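Student: Chains A and B, in that order, give the protein sequences.
Under the UniProt record's numbering, the letters of the first sequence match residues 1 to 318, in that order.
Under the UniProt record's numbering, the letters of the second sequence match residues 1 to 212, in that order.
Read the hints as simulated data drawn from the structure, not as lab findings.
Be a bit skeptical, because a hint or two may be false.
[As the list claims (entries may be wrong)] In silico DSS-like pairs for lysine-lysine, Cα to Cα no more than 30 Å straight-line:
id: 1; chain 1: B; residue 1: K91; chain 2: A; residue 2: K200
id: 2; chain 1: A; residue 1: K48; chain 2: A; residue 2: K200
id: 3; chain 1: A; residue 1: K295; chain 2: A; residue 2: K248
id: 4; chain 1: B; residue 1: K91; chain 2: A; residue 2: K26
[As the list claims (entries may be wrong)] Partial selection, computed: residues in chain B whose CB lies under 10 Å from chain A:
id: 5; residue: A5
id: 6; residue: L84
id: 7; residue: M85
id: 8; residue: G159
No experiment lies behind these values; they were computed from the predicted model shown.
We put the CB at the ideal spot given by N, CA and C, even for glycine.
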Amino acid sequence: MGSFDLSEIFYNVDSGYLEGLIRGFKNGILRQEDYRHLTQCDTLEDLKLHLQGTDYGNFLANEPSPLTVSVIDDKLREKLVAEFEYIRNHSYKELGVFLDFIKYSYMIDNIILLITGTLHQRQLSELLTKCHPLGTFDQMETVTIATNTADLYNAILVDSPLAPFFKECISEEDLNEMNIEIIRNTLYKAYLEAFYDWCKEKGGATADVMCEILAFEADRRSIIITINSFGTELTKEDRAKLYPRRGKLYPDGLIELARADDYETVKRIAEYYADYRPLFDGTGNGPGDKTLEDKFFEHEVTFSTTLLSYIYWAMAFL
Amino acid sequence: MASAAYKAIYGAVYAIFLLIAISLGLYLLLTNQGFRFDVAWFLTSISPYMFACVGIGLAMGLSVFGAAWGIYSTGASIMGAGVLMPRVYSKNLVSIIFCEAVAIYGIIIAIVMSGYLINFDLENLNEKARAQNYFAGYSLFGAGLVTGLSNLACGICVGVVGSGTALADAANNTLFVKVLIVEIFGSAIGLFGVIVAIIMATKAHMTDVSIA
């Protein structure tokens, strides 16, 4: 019989408007025919003309005549950020926390970008234009002043939303190339684990859908970190500290991965898991093959859409 | 953490209430005073005015509650869907009108029922007249309860279905008429309540003179 849950009739109080809006956005996503038309376009002007007929509308209307790919990219990103901020500004309590979690990953990327840029003596203004707008937070520019992670934390990040993720990263060593990547991965690990735990605690469809997605993300990062660390100075213990402990590979697969020495070993470990075995088949570095990254990306997209249909089913029957 | 505190307080209050009720009942039973627990006395000592007026209040109040619930449910979805698809606004006002109809049923019944109220003085009446007045009170209460509860359910139902209609219409405009049929069935249940309430209410005749 299931649980007698009346929450559907109260759902529209907090979420009705945003649900309608988000369904509208989803209905506006480009379809098969749109993509077919786009592949038949010869120039970027044709592309712009075709996009005017879709939900993208006149987003390129005010751009001067020779369109470039970077201009289109910037405008698309601007549109996405505007929509995301609109939804964020209209959300209540828990949806707000959820959307903030999504922003934290962009914040991590921005901080690492700023630190790396400072290390290579780039100008602050140039770096700020490269930062992702969804990941900005107050006093972000002051990140460039820090020389080691302890400074970074005490002076700047303790007030930012990323403070709880910094616990494992603080050390007295100076920031250099190697350390920065370790910092990035440690921050991301803490963030992923916090996000996973929050979603799990919420329960219901949030837990079902998000925990699947985040588990895959955790496993993907573990595998990519392992593969990318072959041939670098990263020791196995340090590498093991970077693995997020929330995916299907935790705990056994991660112990194995920490001991792995080459690509073949990683492939063998992944074959124990039915979901990840097909991703390693047929990948390679040749011109016709897809790389492992591509396959991971495809897998993520296909199972995210399956999970989306699960949400619709769950709302009807649960 | 807050909900654990609420649960504890709720549990404590419920337990105290249950304890008092059981101990009172046992006291009356065991001291041979069971006759004091008299439901009939309780019901007949409440004036027919009270029953009739509470009925009218329930009719109006619960109907409006249902209608309001329906309108906010549908309205939030229409506004959300209409941002990107403005054609949704005009057709989907029909859902709002169905919800509003529920409130109108309530007010019609309330006005009809209040027409049956007559001021009487219990001393001037004989047994038959008093019985008739009590009957009138009870039937108006029942009619109010029927229409109030069925309109409450109808309003919620039409609201949730209307919200789905708006979202479906935004995605695919051929779906509108088909989903509207579901809404019409939902709206019919409010009408059932009105019909029964009319039948019950029209049997109520209050009198202020003794009858033979």
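Student: A separate judgement is required for each hint: does it hold in the structure or not?
Tutor: Consistency of the hints with the structure:
1. This hinted pair does not check out: K91(B) and K200(A) have alpha carbons roughly 40 Å apart, beyond 30 Å.
2. For the proposed pair K48(A) and K200(A), the alpha carbon gap of about 42 Å is over 30 Å, so the pair is violated.
3. For a cut-off of 30 Å, the pair hint linking K295(A) to K248(A) stands: about 18 Å separates their Cα positions.
4. For the hint linking K91(B) to K26(A), the alpha-carbon distance of about 21 Å falls within 30 Å, and the restraint holds.
5. Look at A5(B): its Cβ only gets to about 18 Å from chain A, farther than 10 Å, so that hint breaks.
6. Taking 10 Å as the C-beta contact cut-off toward chain A, the hint placing L84(B) at the interface holds, the least distance being around 3 Å.
7. The closest approach between the C-beta of M85(B) and any C-beta of chain A is roughly 6 Å, which is under the 10 Å cut-off, so the hint is satisfied.
8. At a threshold of 10 Å, the smallest CB-CB gap from G159(B) to chain A is about 8 Å, leaving the interface hint in force.
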